[in-house]
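Visitor: Residues per chain are reported as follows:
There are 4 protein chains.
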Amino acid sequence: MHAAAVGDLVQLFSMRDRKSFLLRIQPDERLETHNGVIQHSDLVGKPFGSTVHSHLGTDFVMLTPSTAEITRTLKRRSQIIFPKDLGLILLKLSIEPDQEVIEAGTGSGALTVALARAVGPAGRVHSYDMRADMQHTAHRNLKLVGLAERVTLKTRDIADGFDETDAPALFLDVPNPWDYLEQAHSALRSGGFFGALLPTTNQVTLLLTGLQRESFGLTEVLEVLLRNYKTVAARFRPSDRMVGHTGYLVFARALQPANT
Amino acid sequence: MHAAAVGDLVQLFSMRDRKSFLLRIQPDERLETHNGVIQHSDLVGKPFGSTVHSHLGTDFVMLTPSTAEITRTLKRRSQIIFPKDLGLILLKLSIEPDQEVIEAGTGSGALTVALARAVGPAGRVHSYDMRADMQHTAHRNLKLVGLAERVTLKTRDIADGFDETDAPALFLDVPNPWDYLEQAHSALRSGGFFGALLPTTNQVTLLLTGLQRESFGLTEVLEVLLRNYKTVAARFRPSDRMVGHTGYLVFARALQPANT
Amino acid sequence: MHAAAVGDLVQLFSMRDRKSFLLRIQPDERLETHNGVIQHSDLVGKPFGSTVHSHLGTDFVMLTPSTAEITRTLKRRSQIIFPKDLGLILLKLSIEPDQEVIEAGTGSGALTVALARAVGPAGRVHSYDMRADMQHTAHRNLKLVGLAERVTLKTRDIADGFDETDAPALFLDVPNPWDYLEQAHSALRSGGFFGALLPTTNQVTLLLTGLQRESFGLTEVLEVLLRNYKTVAARFRPSDRMVGHTGYLVFARALQPANT
Amino acid sequence: MHAAAVGDLVQLFSMRDRKSFLLRIQPDERLETHNGVIQHSDLVGKPFGSTVHSHLGTDFVMLTPSTAEITRTLKRRSQIIFPKDLGLILLKLSIEPDQEVIEAGTGSGALTVALARAVGPAGRVHSYDMRADMQHTAHRNLKLVGLAERVTLKTRDIADGFDETDAPALFLDVPNPWDYLEQAHSALRSGGFFGALLPTTNQVTLLLTGLQRESFGLTEVLEVLLRNYKTVAARFRPSDRMVGHTGYLVFARALQPANT
Chain Z
124 MHAAAVGDLV QLFSMRDRKS FLLRIQPDER LETHNGVIQH SDLVGKPFGS
174 TVHSHLGTDF VMLTPSTAEI TRTLKRRSQI IFPKDLGLIL LKLSIEPDQE
224 VIEAGTGSGA LTVALARAVG PAGRVHSYDM RADMQHTAHR NLKLVGLAER
274 VTLKTRDIAD GFDETDAPAL FLDVPNPWDY LEQAHSALRS GGFFGALLPT
324 TNQVTLLLTG LQRESFGLTE VLEVLLRNYK TVAARFRPSD RMVGHTGYLV
374 FARALQPANT
Chain E
124 MHAAAVGDLV QLFSMRDRKS FLLRIQPDER LETHNGVIQH SDLVGKPFGS
174 TVHSHLGTDF VMLTPSTAEI TRTLKRRSQI IFPKDLGLIL LKLSIEPDQE
224 VIEAGTGSGA LTVALARAVG PAGRVHSYDM RADMQHTAHR NLKLVGLAER
274 VTLKTRDIAD GFDETDAPAL FLDVPNPWDY LEQAHSALRS GGFFGALLPT
324 TNQVTLLLTG LQRESFGLTE VLEVLLRNYK TVAARFRPSD RMVGHTGYLV
374 FARALQPANT
Chain U
124 MHAAAVGDLV QLFSMRDRKS FLLRIQPDER LETHNGVIQH SDLVGKPFGS
174 TVHSHLGTDF VMLTPSTAEI TRTLKRRSQI IFPKDLGLIL LKLSIEPDQE
224 VIEAGTGSGA LTVALARAVG PAGRVHSYDM RADMQHTAHR NLKLVGLAER
274 VTLKTRDIAD GFDETDAPAL FLDVPNPWDY LEQAHSALRS GGFFGALLPT
324 TNQVTLLLTG LQRESFGLTE VLEVLLRNYK TVAARFRPSD RMVGHTGYLV
374 FARALQPANT
Chain V
124 MHAAAVGDLV QLFSMRDRKS FLLRIQPDER LETHNGVIQH SDLVGKPFGS
174 TVHSHLGTDF VMLTPSTAEI TRTLKRRSQI IFPKDLGLIL LKLSIEPDQE
224 VIEAGTGSGA LTVALARAVG PAGRVHSYDM RADMQHTAHR NLKLVGLAER
274 VTLKTRDIAD GFDETDAPAL FLDVPNPWDY LEQAHSALRS GGFFGALLPT
324 TNQVTLLLTG LQRESFGLTE VLEVLLRNYK TVAARFRPSD RMVGHTGYLV
374 FARALQPANT
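Chains as they are written, first to last, in the working numbering: chain Z, 124 to 383; chain E, 124 to 383; chain U, 124 to 383; chain V, 124 to 383.
Simulated from the structure, these hints should not be mistaken for laboratory data. Small disclaimer: the values here were computed from a predicted structure and weren't measured. No incorrect hints appear here.
A pair holds if it fits inside one copy or across any two, identical chains being indistinguishable in the list.
Below, in silico cross-link-like pairs of lysine to any residue (SDA-like), each with a Cα-Cα straight-line distance of 25 Å or less: (1) K169 / A381; (2) K353 / F205; (3) K169 / P380; (4) K142 / R312; (5) K277 / T196; (6) K266 / S201; (7) K142 / G367; (8) K169 / Q335; (9) K198 / T156; (10) K353 / M365; (11) K353 / E337; (12) K142 / D363; (13) K142 / R364; (14) K353 / S201; (15) K266 / R147; (16) K169 / T342.
Using the sequences and the accompanying hints, generate a full structural model.
Guide: Next comes the structure, spelled out in structure tokens:
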């Protein structure tokens with residue numbers, strides 16, 4: 124049986140209002156919610172997937188949090204990348220265990236978490252951001268979810284270039300990625316995977332022009348629309364509202380310049 | 124410099140017609156395409172991301188294939204799961220390095236490849252399928268891409284149950300997943316991740332009813348619409364045609380039955 | 124110049140918060156909004172498309188309301204049909220000036236308004252609803268927008284059939300349209316246009332079965348996803364949120380039974 | 124009973140391959156299809172919605188064609204506007220019976236047909252196009268479907284302006300609508316409805332800038348994604364492929380310049 128122990132990262136999901144809480148079990152702590160209090164010690168020894176009750180009697184299901192769930196419940200100082208986009212980013216960048224990959228900026232760390240999980244304990248994420256306060260938030264998030272040791276946070280202007288020179292994959296979540304394409308190309312191994320996320324079409328056209336100039340190729344621009352359905356079997360239908368837009372995903376490969 | 128060597132899996136991408144070829148470099152072999160012949164030996168020592176020419180003068184870019192690219196070029200005996208869905212499946216099932224995960228059926232092995240890449244060399248995929256011919260195709264695909272050692276193919280009717288009892292994640296790509304939910308629940312660790320892909324709404328409603336009966340919870344039904352854009356900066360616009368439907372993705376968690 | 128006169132139906136659109144008000148100009152009346160008061164008399168003689176000011180100085184643009192705008196600002200007692208669906212309904216039912224068409228139920232009258240505008244002053248809409256309170260609301264809406272004379276409201280259970288027998292088009296906006304297909308077929312001229320709007324897939328499958336049984340054919344099921352874009356030229360992008368679902372549109376033609 | 128007569132416009136829909144034919148019944152003519160020949164005289168007196176047979180025994184359903192169907196089967200010399208967009212255009216431009224409306228260019232006449240049907244026999248469509256060959260095709264299409272008398276075709280460069288000065292609605296289906304906004308504003312009555320369809324985002328941003336400069340307001344940019352579903356009740360699901368893009372719809376109102 125897969126049971127919760129002190130030190131475990133767990134998600135408590137309220138059956139009442141579908142709110143979710145992330146915590147790391149510590150002997151003497153307690154979780155306070157508007158649906159009542161839960162003592163961490165009450166969770167220890169309980170199998171994951173079982174129901175616990177707050178002191179007000181509200182049911183909470185205890186689970187190991189998914190990567191999607193973790194990124195959704197992170198403390199945020201900025202817009203985070205949504206799960207619908209994270210999945211495709213990992214797949215298109217072909218992230219694998221044991222790789223050393225690069226991202227900039229760090230932001231609140233949603234992509235950082237997803238990358239750190241995907242490269243595993245023997246991999247590494249090099250995450251650049253100019254803003255120390257952002258990286259402070261990201262670091263706290265990474266510590267909470269137990270991934271801080273897989274991530275090197277670098278408080279740096281990427282205009283000055285990346286330290287790495289042989290990265291299999293690099294993702295730019297910055298407003299002006301076209302300004303850093305030379306640096307990105309130098310940081311990527313030949314043939315490496317490049318990705319970026321941009322909210323506006325104006326940005327995409329600037330990036331497309333830059334990618335062509337800086338010897339990137341096999342460029343793709345993709346957009347993910349995710350529909351969520353209500354799960355009542357007798358009245359199966361999509362949800363009334365959905366996310367209309369997060370951003371355009373741009374992927375490319377670092378090619379050898381034509382004259383080499 | 125990241126250069127190609129004998130034994131490497133490489134993708135050759137024709138700049139002429141955007142066709143893609145997957146091959147493993149072997150000293151005396153050659154690739155024959157309708158755009159001309161390329162000797163494997165001509166690739167050795169060339170950096171990835173560089174351009175090679177067929178004997179007819181057509182340009183091909185040489186790359187390490189992405190997971191998405193691999194699944195797209197697999198030999199198929201059945202409908203494969205599309206990259207748009209694969210990315211979300213890996214994320215929602217929270218697949219991580221070193222895990223042992225389960226899928227049924229094997230099909231042509233597209234999800235098998237994606238899972239095997241995500242669990243890494245120390246992980247394992249247990250893949251069930253009743254049809255020996257399917258698994259034969261999948262095995263050949265897995266060997267080509269160097270992932271056969273991470274996968275256990277089991278030619279078995281899952282009505283008889285799974286061998287595993289503590290899997291973190293299990294995915295059913297079969298037409299009638301509602302018939303195997305008891306078996307799936309037994310194979311999953313408590314709190315484990317369940318997923319399924321179904322083309323019709325009728326199937327989804329049957330699965331939703333089954334999931335509730337068999338102590339699954341936190342059920343979600345999602346649908347991914349992927350828009351592909353043309354990459355001409357001066358005329359930025361979506362492609363004229365798109366995939367209208369592959370299937371509905373159903374995700375749930377294996378909960379403890381209420382009375383335990 | 125196209126100027127406003129007493130008796131005109133006008134829309135006042137607040138530039139401050141993009142709220143919209145519908146009114147019919149009357150000599151001594153005034154519009155009270157949370158952005159200030161506007162005297163109807165101040166509108167008279169002003170060209171449409173010009174800006175008027177409330178007593179608090181807020182700018183309002185005065186316009187003739189579009190059909191879409193009218194339906195959106197109707198008093199509602201029920202979910203209304205959205206403009207994204209109304210446009211396709213009128214086109215697929217091939218509504219034309221001078222026709223006599225049928226709908227049930229009346230609801231709050233959004234489709235009633237759209238149909239009444241499309242058939243014009245020499246056409247007619249026969250609108251059935253069992254609930255007198257609904258039809259009362261719809262009637263008040265129709266009077267406000269000057270369309271009451273084109274509409275016959277019938278407070279009637281359509282299980283008892285329609286009075287008409289040669290209608291070119293009939294639309295059912297009821298939860299169980301499959302129960303009234305025989306009545307609908309009798310009300311339609313041979314070859315006539317049938318339409319329905321249903322929120323759930325379960326309902327659609329029941330209707331599809333019914334349509335086949337009752338000699339309807341050329342059946343189509345369509346769904347309209349409308350994306351709204353932000354109109355800032357330098358940052359062109361879709362809106363963050365969108366309507367995820369209203370309903371499935373089902374269209375068919377009333378065929379002659381095979382044995383006639 | 125609604126039966127076909129000489130002179131009627133009818134649609135014959137092949138049940139075998141779902142192909143559709145448009146014809147006007149004439150005493151001595153015949154329709155030749157790859158599924159066999161049908162004599163026009165065989166249709167006379169048959170009720171609409173009934174099935175006729177070709178000399179090869181293939182079933183065809185005879186119907187009055189819908190506006191959507193007519194536009195889809197027009198002879199084309201250019202990309203036509205799709206029904207999914209036509210419905211919203213008519214609704215957003217608030218086209219009504221008896222209006223005189225303007226479009227440019229004429230193209231193959233799909234929007235011309237939809238507008239001519241919507242304004243009815245007492246309305247009028249003024250359709251501008253520089254290319255005489257286009258208008259020739261459009262004229263033949265309009266004659267076939269019996270709408271030529273409602274349409275004035277003007278072979279003219281709209282840079283020279285429109286003849287009309289009080290139009291309730293004007294639609295520009297040209298590649299560079301921003302070049303004709305002053306002319307469009309002059310042709311529209313104050314408060315009138317403006318619309319345009321543009322395939323690329325680059326064009327939309329140019330138009331948005333132009334609209335603001337030329338005293339248009341309440342601007343909206345919309346995009347219609349239409350999903351088509353398979354109509355088998357037991358396997359209800361969307362079609363595998365769909366139209367990914369036709370164009371961005373831009374709507375605005377002609378406002379009074381601020382200083383008037």
